[in-house]
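A.B. asks: Can you make the complete structure from the sequences, with help from the hints?
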Amino acid sequence: MPAAASEMLVGASSDFLTRFSPFNRMEPEALEFLAERATLAFHARGSEILTPEMGQPTHFHIVQRGKVQARQLGPASVTDYAAMTLGPGECFPIGAISAQRPSTNAYVAVEDSFVFQLPAEDFLKLMQMSPVFHVFCTQYIASLLNQSRQQLQSTFAQRAAEQQTMTTPLGQLVKKAPIFVTPDSSIRAALEKMSEMRIGCMVITDAEQKPLGILTQSDLLPRVVLPGIDLQRPIGDVMTATPHVMSASDSAYDAALEMATHGVRHLLVVDSEGRLKGVVSERDLFTLQRIGLRQIRSSIEGADDLEALQRASRDIRQLALNLIAQGIGAEQLTQFISALNDALTCRIIDLARAKHDLYGIDYAWLAFGSEGRHEQTLSSDQDNGIIYACPEGTDQAALKSRLLACAKEVNENLAACGFPLCKGNIMASNPELCLTLEEWKGRFGDWIREPDPQALLNATIFFDYRVLCGNERLGDQLRGWLNRTAKAYSNFLRLMASNALQVAPPLGRIRDFVVEDDGTIDLKKSGARLFVDVARILALRADVASSSTVQRLRQAGNRMGMPAEEIAALIDGFHFIQLLRLRAQHLDTEHDAPGDNRIDPDKLNELDRRILKEAFRQARKLQLRLKLDYQL
Amino acid sequence: MNWLTRLLGTRTDTASLDAALRDAIASWEALAAPELGSAHFETRYVVINTEATGLDLDKDRLLAVAGIAIDREHLSPHDSYYAPLEPDAATALTNLLTFAGKGPVVVFNASFNRSLLERALDEHLGLTPDWTWLDLHWLLPALYDEHIDGPARLADWMKAFGIETFQRHHALGDAWAIAQLMLAAQARARALGLNTPRSLADLEHSRRQLRRHG
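First to last, the sequence lines map onto chains A and B.
Under my numbering, read the first sequence as residues 138 to 769, first letter to last.
Under my numbering, read the second sequence as residues 405 to 618, first letter to last.
Everything labelled a hint here was simulated from the structure, so no lab data went into it.
You may find that some hints are simply not true.
As the list claims (entries may be wrong) - Only pairs whose alpha carbons sit at most 25 angstroms apart, straight line, appear in this in silico SDA-like list of lysine to any residue:
id : chain 1 : residue 1 : chain 2 : residue 2
1  : A       : Lys624    : B       : His482
2  : A       : Lys758    : B       : Leu596
3  : A       : Lys764    : B       : Ser442
4  : A       : Lys764    : B       : Pro438
5  : B       : Lys506    : A       : Ala679
6  : A       : Lys624    : B       : Pro438
7  : A       : Lys204    : B       : Phe570
8  : A       : Lys624    : B       : Ser442
9  : A       : Lys624    : B       : Ala595
10 : B       : Lys563    : A       : Ser184
Because the structure is a prediction, the values reported are computed rather than measured.
C.D. replies: So this is what it looks like as structure tokens:
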């Protein structure tokens with residue numbers, strides 16, 4: 138009799154739970170409810186059980202055996218601990234699951250651990266059912282709130298400190314004593330000193346330590362190495378005379394402006410008598426860019442008309458270009474762009490909402506395609522839609538027309554801020570894309586059940602949706618349904634897989650790369666998309682909620698037992714291709730210009746060529762995996 | 405019951421079972437074979453354990469059977485089965501087949517459990533399931549050699565992982581411990597790139613070979 142068996146096992150679980158608070162004080166029927174619904178899973182040492190990237194937690198966890206560490210992520214911690222270890226009987230995440238938001242902690246098994254898990258909806262039922270458990274959770278959350286309030290204060294303090302650095306006089310920014318030579322020193326002596334002190338430039342001063350010139354590393358190739366200059370000659374012959382000089386009392390901000398205006402990477406700082414105090418490099422001012430990010434953000438949040446938003450949009454683009462110029466990685470860069478564009482879009486929606494009465498309408502603004510994946514580049518056009526709830530007894534047509542009118546204004550304002558209107562009309566103001574949860578399910582369901590070529594193409598755009606603002610739960614409900622449904626139709630995933638394999642990485646047998654007729658490689662079509670398409674299928678199969686390619690690869694890869702190094706290599710490959718795309722757009726930021734996303738591999742330097750080749754090999758590896766999985 | 409009666413007498417023909425059991429067996433037989441190449445997180449493993457009058461295959465009899473499923477790397481108390489063979493062995497065993505489906509099945513110490521169970525199934529139902537059997541007795545030392553580097557008793561493995569159960573030497577009580585060991589085995593297998601039931605079967609096979617020749 139199966140009943141007898143499950144009673145014994147439920148009994149075993151509740152016996153275990155009653156050894157710990159608050160379960161030992163819990164009402165018998167609540168304890169029974171918990172023990173019946175909890176399933177047991179194993180987490181190997183070092184594996185992640187729950188991270189913020191996994192989105193809204195689907196389960197409540199109780200450690201049965203082993204140790205789980207809660208680690209604060211991100212620069213600002215919400216609680217007063219950096220890491221806390223949970224042992225048997227302890228549970229997580231209480232705050233995130235009650236508030237139905239992603240966890241702020243990463244929970245990692247630090248020993249081989251057995252952990253019970255309870256579905257989120259049962260956790261909420263348990264809270265309603267058991268006053269004891271309810272009190273336990275609310276007290277826990279109250280203590281969290283208290284901690285986060287303190288945290289908020291210290292964040293403000295930190296922000297104030299950062300503001301200071303921006304206005305810091307250069308004199309304070311210069312930490313090292315100046316290194317310099319006189320103009321009659323030999324080039325060799327100067328270079329030896331640069332190498333010994335590990336500095337990127339040498340300052341040339343007169344006897345009174347007043348700057349006369351500068352020689353930077355990038356000057357060496359054209360001025361010294363290629364002309365084959367005799368290293369015994371005086372450095373005065375090859376230096377840049379009348380270097381850019383700033384006063385020690387000028388601010389870091391002034392210095393950044395000076396660098397940007399004249400396109401130099403080093404500035405000399407002098408005291409009131411004109412004597413060299415030190416050198417400020419672009420790198421020293423790097424923290425300034427973070428402030429730039431914050432300032433743009435607050436200017437977006439404070440903007441109350443279209444003009445202000447347009448200005449902010451130009452600032453975003455400029456910041457992105459500066460960051461590319463500084464050699465920042467593709468991951469951070471796309472995160473910056475994505476975060477700022479999100480803020481901008483939300484502000485545009487806020488402003489439109491003020492004009493269109495949307496009070497009481499439960500809706501969410503969806504981003505599709507690359508924006509949905511957090512992978513926007515500088516030339517992505519708009520891809521958006523709306524999901525809304527239509528309560529029974531409401532006039533749906535009237536409600537929808539209110540949403541559409543507002544969406545139209547948002548689409549137009551986004552276009553005015555540099556996000557071109559979508560040519561395919563994938564925009565929220567399109568009545569076909571402003572749908573209720575049920576209608577979206579119907580739409581997605583049709584594609585999954587009848588995956589003709591158009592349906593498969595649609596899936597690659599729309600399944601990468603995420604909620605940009607509004608009620609996130611609507612998006613989560615759709616995601617849960619979508620993952621379950623797609624998984625059940627294995628033929629759909631198979632066709633998606635065969636579609637994803639249509640384009641092969643452009644690796645040649647004889648030459649390094651297979652190029653198109655014009656000698657270029659399309660980094661979107663034959664590069665990034667190879668990763669994106671496979672990641673989407675893996676995510677559907679492994680039930681990963683995230684829409685970002687990197688997170689999909691990371692989380693699905695983990696679930697499928699791909700070794701961590703292999704996953705890391707895949708992600709590096711993807712990032713590198715994204716970086717090349719951004720760099721190409723940096724040079725050619727005209728929207729939809731034919732040069733977009735195209736690079737000529739012959740124009741890359743040797744190192745970049747090699748990395749690109751490796752990146753394509755990673756794409757091939759990923760495709761091969763899919764081929765094997767679906768026997769294609 | 406001695407070996408002679410066992411050999412000569414009581415073997416049942418499926419035809420002599422009552423209709424409900426025949427139907428259950430027919431629908432079990434009609435089940436598709438499991439996909440041994442799918443990943444652990446897509447597979448339902450069934451841990452099977454037995455309880456006997458003793459440990460001597462020649463003399464001792466099967467008393468009870470138990471099963472716990474590990475479905476997609478999760479162990480749910482509801483997906484479980486336990487039945488004593490008295491008073492109705494045919495029903496107890498048929499229900500076990502229905503619960504286990506076409507496997508793959510996991511046992512601790514197949515040489516005893518599998519033999520005992522196959523004999524009972526043959527005797528009472530007249531069939532031998534073509535399950536893929538995975539034996540943790542061999543797999544655990546192959547996967548967790550830092551704990552124990554060779555075949556060991558269930559009690560030793562429970563101690564190594566700190567696993568407890570509500571009742572030792574009870575078919576379900578031990579199955580609960582074995583199922584937890586299987587969860588651990590899956591996770592380690594995955595870390596080693598052994599992602600499917602088939603790869604576990606291969607690992608076990610090569611272990612047995614090594615033991616034989618080593």
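A.B. asks: None of the hints should be skipped; say for each whether it holds.
C.D. replies: These are the hints, each one checked on the structure:
With a CA separation close to 23 angstroms, the supplied pair A/Lys624 and B/His482 stays within the 25 angstroms bound. For a cut-off of 25 angstroms, the pair hint linking A/Lys758 to B/Leu596 stands: about 18 angstroms separates their Cα positions. Our distance criterion of 25 angstroms between C-alpha atoms is met by A/Lys764 and B/Ser442, whose separation comes to about 14 angstroms. The straight-line distance between the Cα atoms of A/Lys764 and B/Pro438 is roughly 21 angstroms, inside the 25 angstroms bound, and the hint therefore holds.
For a cut-off of 25 angstroms, the pair hint linking B/Lys506 to A/Ala679 stands: about 24 angstroms separates their Cα positions. The suggested pairing of A/Lys624 with B/Pro438 holds, with an alpha-carbon distance near 17 angstroms, which does not exceed 25 angstroms. Proximity of A/Lys204 to B/Phe570 is assessed by CA-CA distance (about 22 angstroms); at most 25 angstroms being required, the pair is judged to hold. The hinted pair formed by A/Lys624 and B/Ser442 meets the criterion: a straight-line CA distance of about 14 angstroms does not exceed 25 angstroms.
Taking the CA atoms of A/Lys624 and B/Ala595, the gap is about 24 angstroms. The hint holds against a cut of 25 angstroms. Between B/Lys563 and A/Ser184 the alpha-carbon distance is near 22 angstroms, which keeps this suggested pair within the 25 angstroms criterion.
Consistency with the previously given hints is maintained throughout, with no hint failing.
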